Amino acid sequence: MDTKKYVVDDQYLDEQVKFDDYDQAIEYCYEQEIIYYSKAMNYLIENDASLKDSLAIATEYGIDDPSKLNSEYLATIHYQDALINSIGEAEA
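Whatever position you read off the sequence shown (first residue = 1), add 220 for the working numbering.
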């Protein structure tokens with residue numbers, strides 16, 4: 221029986237969220253989004269000003285047409301990727 225607990229270290233919201241299993245942690249990450257132009261732009265300025273990482277993630281998702289991208293989408297996929305990469309085992 222898997223008794224591991226997982227934690228998502230959310231640097232954007234400055235909080236850690238604990239989960240009973242890895243799938244729950246992943247689901248949480250994909251549910252998070254950054255909405256509103258100003259919040260998205262501020263997030264990107266602080267976390268990916270060159271947009272290099274966000275555009276790379278969009279390409280991984282199969283989006284090659286820049287006209288289909290906007291600041292909210294780029295900020296959200298960057299944020300979700302950061303959350304997924306922050307998942308770790310929680311201390312007992």
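There's no promise every hint is true.
Stated by the list, open to error - FRET-style restraints, in silico, Cβ to Cβ: (1) Ile283 / Lys225: 32 to 40 angstroms; (2) Gln236 / Asp284: 30 to 38 angstroms; (3) Pro286 / Lys225: 17 to 25 angstroms; (4) Lys288 / Lys224: 19 to 27 angstroms; (5) Pro286 / Lys238: 34 to 42 angstroms.
Hints are computed from structural coordinates only; laboratory data are not their basis. Predicted, not measured: the structure shown is a model, and the values here were computed from it. For every residue, glycine included, the Cβ atom is placed at its ideal position computed from N, Cα and C.
Consistency of the hints with the structure:
no.: 1; hint: Ile283 / Lys225: 32 to 40 angstroms; result: holds, 34 angstroms
no.: 2; hint: Gln236 / Asp284: 30 to 38 angstroms; result: holds, 35 angstroms
no.: 3; hint: Pro286 / Lys225: 17 to 25 angstroms; result: violated, 40 angstroms
no.: 4; hint: Lys288 / Lys224: 19 to 27 angstroms; result: violated, 38 angstroms
no.: 5; hint: Pro286 / Lys238: 34 to 42 angstroms; result: holds, 38 angstroms
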